[in-house]
Structures are given as C-alpha cells and as structure tokens.
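**Q** Letter by letter, the chains look like this.
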Amino acid sequence: VTVALTVISEAAAFTRVREALRFPAYDAANGVSLPLIGQALRRAAHILAPCPRHELERAVRQSFKGFALDAEELTNRTADALEALLAYGDILEMQPPADDPWTISPLIVRPAPPAFVQRKAGSMIILGVAGEEITPLSSEVNKRLAWHGVLRILAPEGAENLRPFLAELGLIELSERTWLRLPPIESAPHHRAAWTRRLADTAPISVIEGLEVLDIRKSPTFYSGRWVEPHSTLNGVHIGRRAQRYGASLWCLVDLAAGVPHRFLDLALRRERERPCDLAWRIQMAMDADAGAPQRVRLRQTDGQVVLDFFSPLPSWAERKLAVVGERTARHRSLLSYLLPQHEVDETIKFMNDYLWITLEA
Amino acid sequence: MLAETHARLHEHFLSLSLQRTVLGYPVYALEHGLASSEIELLRTTLARELSRQRILSPAHWLLWVVIATEIGYTYDGDEYWNSFAEAIPDWQRYGVRATIRAWFVDFARRYRGFHPTGRWSQHFSIIAWPIAHAILPRDLQGQFARHLYGLRYALTSQPEFSIGKLGSILQAGDPGGSSRFQHFLDQTELTARLVLALRDEDVQDAVPAIQRQTLARLVTDLEGRQSARDWLREARKILREARMRESGALGYRGGGGTEAGAPQSESSCGVRLVARQSSEGAWLVGIKIPDVGKIIQQAGLAPKVLDQTRVRLADRPDHWMPGRALLSLGHGEQRIGSLQDLIGAPVLRFERDVKGLSALLSEALCIIGSSPWLLRLQDDGVARQVLGNHVRANQSYLIVSDTPLEPASVCDLKLRVIDFGTPGAVGYFLSVPSVLSATELQALAAIKLGYALRANIEPMGLVPRWDGAAGCTVWLTTEEPVLRLSADHRVREFTVTIDRSPVVRIPVSNPPEAIVSLGYLSPGLHVIEVGGTAAETHGRRLEPERFELTIRAPVPWVQGIRDQAGFRAILEPADASLESVVAGKARVAVIGPRERSVTIDARFFNLNGHVTESFGLGTVASLTDEAGIRRLLVKLAKEPLAEKVQTAPRVDLIFLVDELGVDSLSFPLKVRPLRWRLTAGDHDYRVRLIDEAGNDQRVIISLYEIAQPDRKLDADYAPYLDGQAIGPPGALLTAVCDNRRYSAIASVPPHQRLTTLNDLGVTITVSPTLNEAQHIPRLLALLRLWNHAQQSLGPLSLLRKAEVSVAFEQRIAAILCGTGWADRARACRSAADPSLEQLRRDIGGSPGFGARLRANDWRSGADDPAVCAEFIRLAAVYQVSDNPALCTLALRLAFAPLAIKFSTRDEGISNWVGLAQIPTLARGAFFARLATNLSAQKVRATEVA
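Going down the list, the sequences are from chains A and B.
First residue of the first sequence: 92, per the working numbering; consecutive thereafter.
First residue of the second sequence: -3, per the working numbering; consecutive thereafter.
If we strip away everything but chain A, and leave its shape as in the complex, we get:
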C-alpha cells in the first residue's frame, strides 16, 4: 500500500468521510446533514460504548468541527440525530451494571444489534449498528437504502423476499408491536388526571430556576409559540422545562399559581421506559383535548398519496408507527409531515385519535 499523502480540499475531505461512514453519495449535496450525523453517531457509538450520551454527542460534534457548519447548528443537528436514533432504537439507552466503577451517568448508550422491522408496504426498516462495518448490508444492498432522516429503509426489488434474506444475514427480526412499544390506550381526562394526582403527591416548592412552560391557552398549531416564561396570568398544571447546570433542560410537570410554581414533578421516569419528552407531549395533548382544543392533523392530497401535517412534536412511538406505514416528508406550514398511502390514512388517524386524542382539521 502506497503512503499517499495528499493535500485535499474540505469537499474532498467530506467525500472521504462520507465513504468511510458508508453513506450514499446522492445525499452528499446536503453536506453535514442529519442522516450523515446519524451515521457518524452509529459509528461512534460502537467505538465509545458504553458511554453517557453527552460523551457520544460531544465526540461527534468535535469530529465535524473542521467542516463549515455553524457551531450551534451542528450542536442542534447532533442532538436531534441522537434523539432520533434513540427513538427509533438504533442506539439504546441502558443502565450500567451496578458494579461498574465508572458510573459517571445513570444511563449509558450502546449501539443496538442489527435488526429489521417489516413495514406495511413490504419494505424493511433497518436498525442498529453492525460494529465496525456500521451497516450489516453489503455495499450493493446498502446502496439501495432510502434514508428518511436517520431512518434507513430497504425496499424489495420485484418479488424479492427480504425477510429470510435479512434473517440469514444475521439481523434480528422485530415485530411491529415490539418495535412500537405503545402505551395503553386511555381517555384524555383519565390520562391528565393520573398525572395531576402524581403531581399532587409531590412536596411543595416555590422557585424553579430557568423554567419555561407550554401555555395551554395559546393555539396548539404553533408549538414554539406556546413556550413562555411563567407569568402572573398562568395558573394550574403545565408542561415545563427547567434548566440544569449541565446538559439539556429537564421536562417536568409544574403546578402554577399566578405564575409561581408550587409543585413540580420531573418527567424522568426511566423505569417506564418512555422518554421524558414523549411523556410531556402526550400529557400536553391530553390537556389540550380535555380543554376542548385537541391537537389537529391536517390532510393534504398529493399525487395519489396523502400528507399528514402535525403541528406539535409526536412521541417517538407515534413517529415509529408513522414510519411503519409512511415516510417523513418536507413539512408545509407545520411542525412535521408524513406521506402516507391513501389506504393507510383512516387507520392512522384513528391511531392518532386513540392514543393522542388528535382530531382531523376541518
């Protein structure tokens, strides 16, 4: 092998990195995109595991710092990509063993073993990290992957039966039910009341530093506009985020009296195995529905398919459900949009209504 030292441009460096990450060329124009960062996180997870998620995020951020990308944008994309990988189950958050001397975080991340989930249309969602090879697929099959954000989907060619093929490659088959990990169906008032009772059991407090809450009175169709600092007109139970010294703000449920918090409950109930943000978003949806202003989904027809526009973030299990039947698409005056075949629309809307009390926009 020749030692071939060459001075290269940033673009050429990017191409080499992309190839090492086994990332397709067609997406190269997007530069350090979310899917590319996702792939870098997969690779780094295998190298660094077990490690806390902040170490993984930091290492990947650091590795991309030489590429022209705004530092804050890189930080956000890396956090979003890791969040998505955790939501889909490419990377797992777990407890370290009790006798681990390096317990520097209550949770560590590890790459999930390669697995697949069959979608309704017959294509497969490919999950997990294949060690140093990153992907368990050969380069020929890897080229066929369609990337939807960080999610990788393999479609059959003609009458190809992917299921035995992937199983023979050594991937674990996950049933849709196992992968979705859905919470039980319950009514919005019941869900809201259950959390309110838990909040009522907590000890009183008077001050929370760096608190922001979701204002129930504001329109649920403008999610970011609902976040406010507590002020004197706010009363009752709200979803909030409270700042902490290191890392992202914590999700919590907070009871306000004239804007002053007097009880709060962190939504970091890990034993329930739901992400705090997932818990928060579902509670907020229950509150909106219970207040007579349920969150909405908008339908748009496009080329024989239907786009569902959502105006608030969805819990990861709801996004997984949408990934099974459709695919994420460019959003249009909404927070996120999914493209679905026509015949999946009714069932999907029923699902959104059963689990999240979302109703169809008139």
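Please keep in mind that the hints were generated in silico from the structure rather than gathered at the bench.
There may be inaccurate statements among the hints.
Said to hold, decoys possible - With a straight-line Cα cutoff of 30 Å, these simulated DSSO-like cross-link-like pairs (lysine-lysine) come out:
(1) B/581 - A/156
(2) A/211 - B/581
(3) B/797 - B/631
Starting from the known structure of chain A, arrange chain B on it as the hints suggest.
**A** This is chain B only, laid out in the frame that chain A set:
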C-alpha cells in the same frame, strides 16, 4: 460408453496435471468438465454395471472417483455413505469403501491430485477424499460465503496473498458454522486456492488454479441463495480492489509493524491516568493499564502462569480477581479509589509471587511519570495523560497532583480546582490561552510543566478510536485517515513525514491550516510527524508533533457486536401484568447479541419504593432462548416467590447481560382504595380492611370459608377496620362498595404443629344441594368470584384458590358428565402416568367420537371458531348432538368456564338442562380439554428435560 468416457477423462486430467506441474497447483476430481446430463448418465451406467458385475470394475476406476466426488459435492452433509447408497442402488451389497480410497490415492499420484490434510481427514480417512475433491460441497457453500464475507478485510490486510497465510486466516477466523465446516477450513491449502480462484476468475490466466468451468459451477450454485450471492459478490469485490491496490503500489511502501525497520512507537509502556466527566459535570479519575497479555506473550510466558496467583488493584485490598483477569484489565479503564495507594509501586498486587511474573510486570504496572501529571482533554471528552508534560496553546488539560499546587501558580494560571473525590488526588482544570505571558510561563515551570509551540494534528470527520494502552489512535483498512493540520503560531509551511518517507512540504498562508489525506494505509503502526517553519522569527522551526496510528482490518460485525451492542428487555403487551407473564399470557424477551447470557433477578419493593428482597431466578445461556427465559419466570408462580409476587407493591424483573448492562421491567401492583391485610400474631391470624375510598357509600362485607366455599357469611364492616381473627384454612373476603368488589383470599395455616405434608391439606366441600343442572349458573358465579379475587394473602393462598376452583369445576363436571366419569377424569388428571384410553371408551356414543376427539388438536380452545366448528361437526357426524348452541356451550364450559356469563341468573338454564341430558356431549368436551392439557404438560416436561 464407460470405456470411452474413462479414456476421455484420463486425457483430460492428464492434461490438467501437466499444465499445473510448473505452478504447483493440484488437480481436483470435480474438475472433470462433464455436463450435468453426462454425470447423470455416468452414474446410472456405473450403477447398472455394479449390479451386473457385482464388483467394482478397476477398468473404470477413474469414473468411480468422479462419481464419488459428485456425491461428495451434492450430499446433505449428514451421512456420505447413505447418499452413496442412494445414488448407487447396489452399493451396500457389492461396493467396497477402501477401494474407493485406493483409487483416489491413485488419482492423486497419477494426476498430481489434491491430498486432503488435517485432523478430520485422518479420522475420516475415506470420505475425506471425495469430499475434499468436491472442492466446496453444496452444504458448505452458504457458510463459506458468509465466512469469506466476514473475513474480507482481514484477508486483504495481508501484505501478500500467500497460500499458507490465506488458509491460516480462513482457519483461524470465527466460522460459527457446523463442525463439518470447521473441518473443511482445516484444509487450508484448498480453501486458500479457492479464495484466490474466486478472486481471479476475471483474470484470463493461461492456467487457472481451478478450472474455469468448475469454478463457474461453484459460483452459480453459491449464488443460488440471495444472501450467499450477496456475501460472495461483496467479498470478491473487496478482494479484487485490494489486488488492484497491491499491484498499483509503485512508491514508498510504509507501515507493516512487523517488518524490520518499521516505525516504532515512542509511547512508554506503563499505566496512564485518565479522567472522565459525569453528566452532572463531576470529574472521576482512573487508570489505563497496558496490555499485559501482550507483555506476557512477548516474554514467552504462557497465560496459564497467571492461574498460579490472584491479583487486585493496589487501592482495593479486598477485591481479589483471578490471575487471568490481567488479560482483560487492559481492555478498559479502571476507576481508582485512592491515588496515594497507587503511587511509586505497581498498581496491581499479586497474592502470590510467581517466578518471573512480578519482575516482568513491575515497571509496566507503575503509573508513568511523577506528580503533577498532565492529562489532555481529547476530542471524545476524555482526559488522557500526556507524556513530556508540555502544554500547548488553545488546549484544555487536567492536572492531577498528589499534593496541592502552590497557590501562586494556581492563581497565575487561573487553575480551577476539581474535586475528584479520590483520596490523594488533587485536580485542577487548565485552559491554555493562545499566547502565554512571562508570568504564566514561570508559573508553568514552577509546577514542572513546559510549553511548546507545535503543529496540531486533528482527525477530521471520524471519531478516533483510542488505544489508551498504546497511546495511539486505531484506524481501519477501510478508512482513509483525514487530518487537519494547524499550528499554535503563524507558519509558512508544514513539513510532514509518514514513517520513513521523504518530507512533504505544504505551504500555507493565513490561517495556517491544511487538510491532508493519508490514503489507505497498510496494516500496522504508522507514525506521522508534522513540523513547520514559523512565518516570523527568521524561520524558526516548530517542535514536531507526533501522531501515531495503528491500522487494522475491521472485525466482522457478527463478532464485533458481542462486546459492544446493547440489549433491551421487552414485554408484550407493554402493559401486561406480572401475573400474565407468569401465566404465559404475556411475552418477555430480550433483544440483543444472541451469544450473550442473561441473568434474571426478581426485585421486590415496599410501598416506599425501597427494595425489600431480591431473588436470583437464574441464567439463560443465550438471549434469544425465550423458552429458557420463560422457565425462569415460571419460578415466580411457585412458593416462596408466589406469595411475595402477590403482595409486593412493585416487582421489577432485572435482566443483567454480562458486563453489557442492565435492563428492567417494572410491574407495579395496583393499589386499590379498599384492600385487605393479613397479619400474623403470636397465636392467631387477623384480617383487616384498609378503606381509603373516603366516600359515603356503604361497604358490604362477606366471607366464604375455604372449607365451604359456596357458603356466604355476611359480616359487619366496622370490626374489620380494626382487624378480625380468622381461623384455618382461611376464607375469601369481599368488600363491596359503589358496585365494585374488593376481594382477597386469606390463607391461614393450621394451628397444630405441622409434621407431614398431609397436615397442609384441606378438605373442601361444595354444598351437596348444588347438584342439579339449574345450579350451574350459581356454581359458575362462585367460580368467578374466587378466581377474580384481587389479592392472595398468606401462605399457600394461590394453592387454596386453585383447590377451590377445582372443587367447583368438579361439581359442574359431575352434574353434566356423571359423578363416576368426572371422578375418573379427575384421577386421570392427577395421575403421574395418566392413560386416557378407558376414559375415552366411557365417553359413550360411537367409539369414533372419542377417537376423533383424542386425535384432533384442540389447543386453540373454544375462542377459536375453527375449533368450535370442528367440535360441532364431530357431534353431528357421530350423532351425539345436532344442536350447535349446546355443542359450543359444552366446549366453552370445558375450556373457558370463567368466560361464560349471563345477564340474569336464570338465563341459559334451559341450555344447561339440555346439556345435562346429553352426557356424551359434555364428556366429549371435557375429554378434549383433558387430552389437550396432558399433552401440553408433556411438552413442558420435555422442555424442562
């Protein structure tokens, strides 16, 4: 025909042999060049000849070699001679195995044919010949393709493709296939030649190592399966690309850590300090121990010397580990409890001094350098010790000292004190600015730290793998290292050398940065040195920065994930209760690397959320063994755990997978506003009602004694709030409030001292008056009442619940099937070795009815419409009943009596009366259930065995 084919094949093999003599390639009998129709014709003709002549004809020995090889190529891998006998019908009568071997030996002698080698060929001295000459038998093709795919990078990482080396790599790889495949890999020459032939099929060599036609046949068969085709194509692609790189290497050849004159690592062997930051921001300090296994190996010692002693970290006096733990300690980082115990002596202590070992390791196991130690904060967020104690501009460091530093230095350098929480370790955080003042330089010197202007080398785009023990980064042969060069100072140019290659000068302007690619480096250690010429100060040279990197092939992912991949315990449905899990109605599985074992513990919590008790349920060897996991979980249904499961406010199932981590499933017990408590006093048991409902509704209390479970006794509410004595064997207690029932079975042991198991027994009597068909609704209601008791309190409460259920079911069966038949069915159920024959004959009606009931599969139960339809059909065919409603009712009663509900007490009585008039139908349904249960028990017993 045979003589003509024999002569043709002789010429063919002779010609092949002559062509290959110079190159030393052996000839394989599979390279006969015959078409499949010719092979078939040859086989049938030879078989006929053997039947006719009753002897193997020496005149056609070569044809027998070819056919034997063909059978070796196509047989299923189980029994070669069986396959032979199937292909040659009279082989068992007239064939001689040793003759076949002799002819293969002759083939090898005459045509320079392949000689099988290895242990397997010694043990299977005859069949080794036809199977080896089949080159790659069909049953091994998928495994071979997968193996080749897994090792594709390891194979191409070799500096040259020698037959011996390739065969060894294939043999040493982790095949994970059948034992026969492992024996196949022992044929290292064969496998290596096969790999080269597959790689070079596109090269038009005059003399290929395997005949093109034969190779094409192998490839076609291999590609018959999509997965094998995929593996093979990918492996060939990688092998061919490597061939191109190899032949294209015209310049300087670097790397190859094993070659003489190859670059050497400057990293000292010893223990290095590391520090990691927690998510809360605290720093923890640890050590990285060198690769002791390598040191022992280099010293010529066998790892077994470690078995003579135990070892511990110097700061953990009571934590002895087996000596062999030394081999794995270097793989990770060890957090330290006390720095002062580790300074100035080896960080590991041996229980017993083993000759040569302590002396060998004494230096390697000491912390490198002296206090203060300098740790540089690396890109991955971990601070690692740097040698030389020189700080650099714009970098962050941790300083670890065994004594506090001079306050003046701390102040001048703006050091931030860090509390490691480790005795003997004082920490400081140092952020070095781009330019240091004279005061800062003096302060650095005062704490024995230097300062150097250097070039910086940073990996770009790929998170580096750190080999903490060797102090270098690790890259794969599939990765092209891309480095970003910068300098602490303005420079005119960078000077870069890789290993011993000539200096490359890279002119730079402002900012002084350059991105360089190192190309695909060969495996081994490489050293990059980057210097520079400063833009001012008369071209002063920067201190060269050294960057060491080791290149190696990627580990096949199936092996790689065993060490790193996570796992997850899943529960289906997600909100299932522990009771459902234990009853097998909900599924528990662990998704993760299948080669890992999982240990399951049950953890019981009190109302405050504190763990009260923990029980190990056992270990299952593979995560994917769901039946094994189920067997462990079933232990929760047996005493002493069953009682705890019933009463603990929360039970967690903890899944511990080796060192990978822990996952858990939590099952909180639903806390009801009205609930019962059973407490044991010195002389009696008392049962108490806890009422937290806080409403004004009247609470109605009732009791049903276990001994007479259908007799309802009303009781007053108030006394039960304080607690009431309850005698053995106990009772079902119900509190009804606001149309909701809160019930518990309280089981009380006998007063007298227990001397035998029989003393635990209890006689349960259902009122003799409940003995008519019209009483069945009442009996079913009682059955539901007892079964739906939400709490089981006291020892054996679950057993008592089951016994009461059996008593009610037995009474129902007696009413509908007749007491005699019902008793015999019960005896059959509890017999150690039950026989259903007599019971089947006693069903009544046509014997065919019972026979079909015995033969059919009723496992889906009465909920399955197909099962119901079949039962209705059989009842009609054998003229037992032509009433589908009665048939369905009988089946539901037998399989799922709790599911039968009526809106009023009298509803359905006519049906029960009707059913009682056709005992054959009821017996048939109960018999179907009994047969299904007994067969399920048998399956479970087999699983346990």
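**Q** Could you run down the list of hints and mark each one as holding or not?
**A** Against the structure, the hints come out as follows:
A C-alpha spacing of about 52 Å is found between residue 581 of chain B and residue 156 of chain A, which places the hinted pair above 30 Å, so the restraint is violated. Proximity of residue 211 of chain A to residue 581 of chain B is assessed by CA-CA distance (about 26 Å); at most 30 Å being required, the pair is judged to hold. Among the hinted pairs, residue 797 of chain B with residue 631 of chain B is consistent with the structure: their alpha-carbon atoms are about 18 Å apart, no more than 30 Å.
In the structure shown, a violation is registered for the earlier hint numbered 1 alone.
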